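Protein sequence lines correspond, in order, to chains X and F. For the first sequence, the positions run 1 to 67 when the UniProt record's numbering is used. For the second sequence, the positions run 1 to 795 when the UniProt record's numbering is used.
Hints listed in this document are in silico derivations from the structure and should not be mistaken for laboratory results. Just so it is clear, the structure is predicted and the values come from calculations on it, not from any experiment. Beta carbons are placed, not taken as given, at the ideal position from N, Cα and C, and that holds for glycine. A few of these clues could be false.
Derived DSS-like pairs (lysine-lysine); straight-line CA-CA distance at most 30 Å [claimed, not checked]:
hint: 1; chain 1: F; residue 1: 285; chain 2: X; residue 2: 27
hint: 2; chain 1: F; residue 1: 350; chain 2: F; residue 2: 497
hint: 3; chain 1: F; residue 1: 487; chain 2: F; residue 2: 735
hint: 4; chain 1: F; residue 1: 127; chain 2: X; residue 2: 27
hint: 5; chain 1: F; residue 1: 311; chain 2: X; residue 2: 27
hint: 6; chain 1: F; residue 1: 487; chain 2: X; residue 2: 27
hint: 7; chain 1: F; residue 1: 368; chain 2: F; residue 2: 350
hint: 8; chain 1: F; residue 1: 556; chain 2: F; residue 2: 28
hint: 9; chain 1: F; residue 1: 128; chain 2: F; residue 2: 378
hint: 10; chain 1: F; residue 1: 350; chain 2: F; residue 2: 568
hint: 11; chain 1: F; residue 1: 239; chain 2: F; residue 2: 636
hint: 12; chain 1: F; residue 1: 285; chain 2: F; residue 2: 127
hint: 13; chain 1: F; residue 1: 311; chain 2: F; residue 2: 382
hint: 14; chain 1: X; residue 1: 27; chain 2: F; residue 2: 674
hint: 15; chain 1: F; residue 1: 655; chain 2: F; residue 2: 794
Cβ pair distances, simulated, as ranges [what the hints assert, rightly or not]:
hint: 16; chain 1: F; residue 1: 237; chain 2: X; residue 2: 20; range: 47 to 53 Å
hint: 17; chain 1: F; residue 1: 585; chain 2: X; residue 2: 35; range: 34 to 40 Å
hint: 18; chain 1: F; residue 1: 439; chain 2: X; residue 2: 13; range: 18 to 24 Å
Partner residues aside, some chain F positions facing chain X, computed with beta carbon under 10 Å [said to hold, decoys possible]:
hint: 19; residue: 49
hint: 20; residue: 97
hint: 21; residue: 108
hint: 22; residue: 116
hint: 23; residue: 118
hint: 24; residue: 122
hint: 25; residue: 181
hint: 26; residue: 203
hint: 27; residue: 205
hint: 28; residue: 214
hint: 29; residue: 216
Here's the letter readout for the chains.
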Amino acid sequence: MSVIYLLITISIIIAIGFFIAFITAVKTGQYDDDYTPSVRMLFDDELLKSTKKENTVEKIEEINLEE
Amino acid sequence: MSKVMDTQNCFHCGLDIIKEDEIIFDNKSFCCNGCKTVYEIFSLNDMTYYYDFEKSPGATPQDIKGKYDFLDNESIVAKLLEFQENSTAIISLNIPHIHCSSCIWILENLQRLQKGISTSQVNFPEKKVRITYNPEVVSIKTIVYLLSSIGYEPYISLENYETGNNTVDRTLTYKLGVAFFCFGNIMLLSFPEYFEVKEYWLDQYRGFFRWLIFALAMPSFLYSASGYYVSAFKSIRSKMLNIDIPIALGIVVMFVRSAFDIIMDYGSGFFDSLTGLIFFMLLGKMFQIKTYSFLSFERDFKSYFPIAVTKINTDFSEESVPIYDVEKGDRLLIRNQELIPVDGILISEKAEIDYSFVTGEAVAIEKKSGDKVFAGGKQIGKVIEMEVLHSVSQSYLTQLWSNDVFQKNVEQKHKTITDQISRYFTPILLLIAFTSFGYWIFIDANIAFNVFTAVLIVACPCALALTAPFTFGNVLRIMGKQKFYLKNALVIEQLSKVDTVVFDKTGTITTNKKSNISYEGNLFSEEIKVLIKNALRGSNHPLSRMLYDYLPEAKKLKVDAFEEITGKGIMVQIDNHQILIGSASLVKIIDNNSIQQTSVHIKVDGQYYGRYNFNNQYRDGLEQLFSTLKNQYQIKVLSGDNDGEMETLEQLLPKGTELVFNQKPEQKLEFIKKLQQEGRNVMMVGDGLNDAGALAQSNVGISISENVNVFSPACDAILDATEFQKLNYFLQLSKNSITTIKMSFALSLLYNIIGLSFAVTGNLLPLVAAIIMPLSTITIVSFVTVMSSYYACKK
């Protein structure tokens with residue numbers, strides 16, 4: 001049994017794996033809106049910052065209460 | 001804020017601030033209270049990041065009191081929702097104001113502004129937001145009010161009431177995915193065959209490689225290419241030879257011969273070319289589809305009409321009812337800025353009705369008690385009451401949609417250029433195939449079979465089929481960038497065939513954004529001009545606003561008293577001067593205006609001066625557009641108005657232009673039909689709902705739109721009003737794209753001849769086929785792209 005059968009089989013299986021991933025991506029609508037996610041992605045940093053800020057405010061309030 | 005600036009822009013919406021109205025809050029200046037309030041809401045919730053992404057991204061919130069009362073009616077809400085369960089409901093709302101990244105951010109953080117909203121997701125290209133909320137905590141009405149209060153008023157129309165969940169058709173994407181998967185893998189596996197190395201291990205595994213290629217070609221052949229078989233079958237049945245017949249024939253013959261080769265162990269077959277061909281042709285199809293998701297080309301009156309209207313019951317209680325339930329004899333309440341959904345009789349004393357959706361006419365029409373009011377008008381000013389004469393489907397305007405043009409779904413009005421060519425191509429191809437078969441059969445039966453199949457394979461009009469999609473796809477994008485949005489690629493072909501152009505008058509060749517104002521009467525001093533300007537400042541009547549903008553800038557004076565008499569005009573007191581601006585009855589003169597013309601009279605301190613006349617303002621560059629168009633096209637102008645402007649129009653338009661006045665919507669449609677019966681290819685350019693019939697009937701219906709996001713009736717193309725003068729350029733570009741296609745056809749026929757010369761002599765090796773096929777594809781695609789872009793740059 002030659003190794004070539006094994007290698008080709010593996011390569012085809014991997015290709016099919018990617019193919020299935022593509023089909024599911026299309027099916028779940030990931031290709032329907034190709035603009036908004038690219039913008040949404042940039043919000044994350046800023047959102048973290050704002051929640052942190054809120055947390056610190058709360059903490060400060062807690063500290064004040066403790067005092 | 002001591003810095004003095006000439007013009008200052010509102011921090012929220014970016015509009016110029018009138019110095020007197022400036023509101024300073026939190027060290028930022030705002031143009032009005034509305035904008036300030038939105039800022040306050042955002043800053044209270046720690047959401048001022050909104051202003052970081054884009055400079056002044058907001059819109060001033062509009063007054064919507066009572067407008068969405070119908071959202072209390074549960075049966076109406078149920079029709080709008082996408083999904084509903086006890087504690088979860090999902091709604092998709094169309095918000096025309098969505099335009100930048102700030103909008104996405106604020107709309108996706110709605111849950112921070114309102115309890116009960118769990119998530120919200122924006123679809124930017126479609127200008128929609130999908131909100132998931134808990135109906136037990138928050139009502140949809142509250143959400144709509146919240147959105148409106150931050151300047152994102154949703155657009156809810158009758159259209160939303162009927163459409164259920166529409167599924168997206170993604171078949172082409174799947175087919176393309178399958179085709180690419182098969183093509184890529186087969187190409188890799190074919191490499192050993194290309195070099196034909198007589199090596200031991202290659203010989204040993206040849207069978208394995210070939211059978212694997214065969215297996216991989218199956219999905220592409222059976223699934224991806226299935227559209228071509230269906231189309232070919234349909235065209236044979238309807239006895240019309242389209243391009244899909246030689247394509248399907250080529251694909252099937254290629255598959256059969258390759259399968260035969262592999263099974264009999266004659267060679268490797270043409271599976272690499274076959275799958276490549278299918279992939280490229282599907283790619284062409286994909287490229288041709290360019291959709292402007294935020295535009296709708298299928299709009300009818302439903303997109304304009306409200307879902308519900310307020311009905312006054314016999315016991316004087318008010319109730320929201322869906323407009324389909326409105327019956328003859330009902331009493332309706334129409335608020336400021338609300339659309340009148342049915343024909344009826346006015347009960348209230350007076351109404352100012354703006355018919356700009358319907359006719360394109362900017363100036364509101366005054367109606368008195370007992371007058372007929374027609375569906376499609378918008379009430380401006382006070383709340384009015386009316387009695388219904390006809391139900392929605394029987395109203396004057398909506399009746400238009402019962403015409404045949406709107407009933408049948410015209411799949412393809414005309415033959416495409418590709419199909420025209422293939423009418424000759426297919427018979428010639430079959431002739432060559434059979435002749436060479438007949439020649440070789442006497443020499444060698446085996447070669448004869450090979451030659452016959454080789455001819456059909458190599459002549460498979462792949463390049464021919466790719467030409468039109470890639471040219472049109474490219475032109476579609478070029479035009480889209482210049483704000484001319486086409487419904488699909490077929491429209492370009494239709495545009496190039498046009499020989500008659502019919503224009504609507506009001507709203508199409510005139511603009512409703514500004515009026516041409518002229519003064520008639522005694523001249524007055526500068527001082528009085530200043531008084532008039534100041535008097536007008538407080539009035540919100542459209543005529544006052546137009547006149548205010550028309551008058552030169554003047555210093556601001558303090559207004560002592562201001563009174564607006566609905567339907568009449570304004571009475572203003574400034575520095576002991578009494579100023580009357582308005583209708584003839586207000587200034588107590590007898591109007592001797594012979595032609596019907598909108599005008600405003602001026603009386604200061606008891607002395608009558610004269611009147612300002614509001615004439616239609618024709619679009620910039622109109623005269624020049626007509627003078628270039630007249631060389632190649634017959635121009636006609638249709639108007640729903642009276643012939644008051646005939647003289648002005650005749651001066652403006654080239655000699656011999658046919659002008660038709662007093663046209664009802666159905667008459668416009670008939671006019672186009674008559675021209676078509678005379679054998680003309682008609683392009684209709686219109687704007688309002690009253691042109692909808694003519695737009696649908698014409699070969700190409702173009703709708704001119706001041707704001708492409710909001711209003712345009714069903715049509716083939718939408719043109720942004722600012723690009724109106726470029727109409728001739730677009731027509732020429734579509735003609736040139738047809739020339740490009742013809743040139744490219746010649747080129748691809750050349751490839752076919754070269755390929756055929758290999759085929760008929762019996763020399764078509766898989767390698768030759770594998771070279772010719774992609775080479776022709778690439779050159780054709782790049783040729784048409786370069787050519788169409790070149791024509792687009794040429795003005």
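- Item | Violated hints, by number in ascending order, as checked against the structure | 2, 5, 11, 14, 16, 17, 18, 20, 22, 23, 26 and 28
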